[in-house]
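There are 2 protein chains.
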Amino acid sequence: MSLTVVGSIAFDAVETHAGKRDRMLGGAAVHFALASTFLAETRVVGPVGDDFGDAEYAVLRGRGVNTDDVEHVAGGKTFFWAGRYERDVNVRHTLQTDLNVFETFEPKLSPAARDADVLFLANIQPDLQRAVREQCAAARFAALDTMNLWIDIARDSLVKTIGTVDCVIVNDGEAKQLTNEVNIVSAARAIIAMGPRVVVVKLGEYGASMYTADGVFGLPAYPTAAVVDPTGAGDTFAGGFMGFIAANPDAPVDDALLRRAMAYGTALASYNVESFGTERVAALTAEEVNARVAALAELSRFDPAPVELRA
Amino acid sequence: MSLTVVGSIAFDAVETHAGKRDRMLGGAAVHFALASTFLAETRVVGPVGDDFGDAEYAVLRGRGVNTDDVEHVAGGKTFFWAGRYERDVNVRHTLQTDLNVFETFEPKLSPAARDADVLFLANIQPDLQRAVREQCAAARFAALDTMNLWIDIARDSLVKTIGTVDCVIVNDGEAKQLTNEVNIVSAARAIIAMGPRVVVVKLGEYGASMYTADGVFGLPAYPTAAVVDPTGAGDTFAGGFMGFIAANPDAPVDDALLRRAMAYGTALASYNVESFGTERVAALTAEEVNARVAALAELSRFDPAPVELRA
Numbered sequence: 046m047s048l049t050v051v052g053s054i055a056f057d058a059v060e061t062h063a064g065k066r067d068r069m070l071g072g073a074a075v076h077f078a079l080a081s082t083f084l085a086e087t088r089v090v091g092p093v094g095d096d097f098g099d100a101e102y103a104v105l106r107g108r109g110v111n112t113d114d115v116e117h118v119a120g121g122k123t124f125f126w127a128g129r130y131e132r133d134v135n136v137r138h139t140l141q142t143d144l145n146v147f148e149t150f151e152p153k154l155s156p157a158a159r160d161a162d163v164l165f166l167a168n169i170q171p172d173l174q175r176a177v178r179e180q181c182a183a184a185r186f187a188a189l190d191t192m193n194l195w196i197d198i199a200r201d202s203l204v205k206t207i208g209t210v211d212c213v214i215v216n217d218g219e220a221k222q223l224t225n226e227v228n229i230v231s232a233a234r235a236i237i238a239m240g241p242r243v244v245v246v247k248l249g250e251y252g253a254s255m256y257t258a259d260g261v262f263g264l265p266a267y268p269t270a271a272v273v274d275p276t277g278a279g280d281t282f283a284g285g286f287m288g289f290i291a292a293n294p295d296a297p298v299d300d301a302l303l304r305r306a307m308a309y310g311t312a313l314a315s316y317n318v319e320s321f322g323t324e325r326v327a328a329l330t331a332e333e334v335n336a337r338v339a340a341l342a343e344l345s346r347f348d349p350a351p352v353e354l355r356a
Numbered sequence: 046m047s048l049t050v051v052g053s054i055a056f057d058a059v060e061t062h063a064g065k066r067d068r069m070l071g072g073a074a075v076h077f078a079l080a081s082t083f084l085a086e087t088r089v090v091g092p093v094g095d096d097f098g099d100a101e102y103a104v105l106r107g108r109g110v111n112t113d114d115v116e117h118v119a120g121g122k123t124f125f126w127a128g129r130y131e132r133d134v135n136v137r138h139t140l141q142t143d144l145n146v147f148e149t150f151e152p153k154l155s156p157a158a159r160d161a162d163v164l165f166l167a168n169i170q171p172d173l174q175r176a177v178r179e180q181c182a183a184a185r186f187a188a189l190d191t192m193n194l195w196i197d198i199a200r201d202s203l204v205k206t207i208g209t210v211d212c213v214i215v216n217d218g219e220a221k222q223l224t225n226e227v228n229i230v231s232a233a234r235a236i237i238a239m240g241p242r243v244v245v246v247k248l249g250e251y252g253a254s255m256y257t258a259d260g261v262f263g264l265p266a267y268p269t270a271a272v273v274d275p276t277g278a279g280d281t282f283a284g285g286f287m288g289f290i291a292a293n294p295d296a297p298v299d300d301a302l303l304r305r306a307m308a309y310g311t312a313l314a315s316y317n318v319e320s321f322g323t324e325r326v327a328a329l330t331a332e333e334v335n336a337r338v339a340a341l342a343e344l345s346r347f348d349p350a351p352v353e354l355r356a
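Here the protein sequences come in this chain order: V and P. Its first residue numbered 46, the first sequence is counted upward by one per residue in the working numbering. Its first residue numbered 46, the second sequence is counted upward by one per residue in the working numbering.
Do not rely on the hints blindly, as some may be mistaken.
[What the hints assert, rightly or not] To list a few chain P residues with every Cβ distance to chain V over 12 Å, as calculated:
#1 G94
#2 K122
#3 D143
#4 C181
#5 L302
#6 N335
[Unchecked claim] Cross-link-like lysine-lysine pairs, in silico, BS3-like; alpha carbons within 30 Å at most:
#7 K65/V with K221/P
#8 K221/P with K205/P
#9 K153/V with K122/V
#10 K205/P with K221/V
#11 K221/V with K221/P
#12 K122/V with K65/V
#13 K65/P with K122/P
#14 K205/V with K153/V
#15 K205/P with K153/P
Just so you know, these hints were derived from the structure itself, not from any lab. Just so you know, even glycine gets a beta-carbon here, dropped at the ideal spot from N, CA and C.
With the rest of the complex left out, here is chain V (with noise of 0.2 Å):
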């Protein structure tokens, strides 16, 4: 019940209508990996700079994140990222951008992170995401995210890898954008003719929806009237989704094992949009997370008994 997260560690800069963070924690691996732990032990694979020490680790380490591939660039610093969400937290407006330590990442996996029972290449340019995948190769389950940037630059490189993942997990613009299709639907079944039998797309507010070969699964975001801050959103969803399948190694990875990583993933990407970075994730006790998976399962339940209508 391993599990390996390739992608980036961060600090961020976050201002939204309930205020203001000038430099916390973040990054897709870190927030996959605060979720992930919940559920298997999660090696990061990423670059941190001088900047990156003992409070940052030690949030890490408090979730009992594995850290050990965690590469410490001497001289560099971490990848910053600066952003300001609208009052509607879906408007968002990138700030500042800087890669630092990342613009030169290559990643070098331990041997104890290439045996991962299941990896996650979280979003970083397709060839890195694919010298992954190759050297975790016995991985039994694989998934991707990726961005807008690499559809537009790098296109033919990301379906390639595509094609090696058994999972995608994005967004409906980015679903929509990567196969030019207007439906979510079209565009699912458009990823899985790519290759992977898994096609997650993260709604937002809206929830997530899974399409397999075996029909779709949907589920509703868990409804939260005060959304505080919504970065890390999607890994933070991507980690409990991932964790979920790594914490049952010795279950298929069929159908109703996806369903109930759905509602991991849905659940503790509820609460982490509640606080600022990772604060609310970090926080956050087993009890709440099982708690709030019983609540989505209520949340759409209803008696479906079929009722004499009028021909």
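Chain P: place on chain V using the hints.
Just chain P now, with coordinates in the frame of chain V:
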């Protein structure tokens, strides 16, 4: 189990990626009634002109809609709307709106229409909606829809009318605009504060959610890859939803009943988009409706059994 709907009866000209129709039966009350009659006897209150003839009545009566309260305005022309959808059917352009007989419409309800057990006020001017609500004071359950125009130019009247109904059924943009909230959950709560005890928010391809004092219910849309024409989907949803309530005259309108109503609304709306205008719903069978309700229940089902987490 009688249901009265007051609203537009129209001819629509529609162009989508799938083709075009120059003149077909449409209007909110028509789409609503073709769906609701699967569940309860439905009277349509609305005006038509001399151009509304046997062919149109045949579609309504073919589904068992009661047309006794359709008002024929001698010398008038029926409401006409023309629109074009982009390849992404979420983007709609109105090309022409001829109110015609609808411009001077003042709803006159027969005693039978006034005796309705359940009342739906489709999108018309809110003063008119309130006048109808007063004529149907005994209705056990009343709901209204509205549109951005009335929020813009008649908000005070609309809020007053909202205070007289049990339920508001709007799309997410309207809910946010009406309440000046940016979050659907907050917007729904703000509408409940205006008086209704049920708020249904239609989310198009993302499904629908319902807010009551008992909490939140969310249902994904049925995954339709081939959307031909979304015109009337929201009214068809309302027809299924209100029809289900009307079909259960002796049952309390509680959370369990409302959830089943949401499923029937969602199922019927999913069929509506599969063909132009009323074509698909007018040809629908009872078995197809119940089959899709069952499919919807399966769509969002997962095992919520808690798992042991790493604390």
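Hints, verified against the model:
Under the 12 Å C-beta cut-off, the non-interface status given to G94/P relative to chain V holds; the minimum distance is some 29 Å. Consistency note on K122/P: stated as away from chain V, and its beta-carbon is indeed over 12 Å from all of that chain's, at 32 Å minimum. Listed as a non-interface residue, D143/P keeps its Cβ farther than 12 Å from every Cβ of chain V; the least gap is roughly 30 Å. Look at C181/P: its CB is around 22 Å from the nearest CB on chain V, clear of 12 Å, so calling it non-interface holds up.
The beta carbon of L302/P sits about 9 Å from the closest Cβ of chain V, which is not more than 12 Å, so the claim that it is off the interface is violated. With a least CB separation of 4 Å from chain V, N335/P falls inside the 12 Å interface cut-off, contrary to its annotation. Our distance criterion of 30 Å between C-alpha atoms is met by K65/V and K221/P, whose separation comes to about 24 Å. The suggested pairing of K221/P with K205/P holds, with an alpha-carbon distance near 18 Å, which does not exceed 30 Å.
Simply put, K153/V and K122/V have alpha-carbon atoms about 18 Å apart, close enough for the 30 Å limit, and the pair holds. The straight-line distance between the Cα atoms of K205/P and K221/V is roughly 41 Å, outside the 30 Å bound, and the hint therefore fails. Between K221/V and K221/P, the direct Cα distance comes to roughly 25 Å. Compliance with the 30 Å bound is thereby established for this hinted pair. This hinted pair checks out: K122/V and K65/V have alpha carbons roughly 22 Å apart, not beyond 30 Å.
Proximity of K65/P to K122/P is assessed by CA-CA distance (about 22 Å); at most 30 Å being required, the pair is judged to hold. Taken as a hint, the K205/V and K153/V pair is honoured in the structure, with Cα atoms around 21 Å apart against an allowance of 30 Å. Distance restraint check for K205/P and K153/P: the Cα-Cα separation of roughly 21 Å lies within the 30 Å cut-off, and the hinted pair is therefore satisfied.
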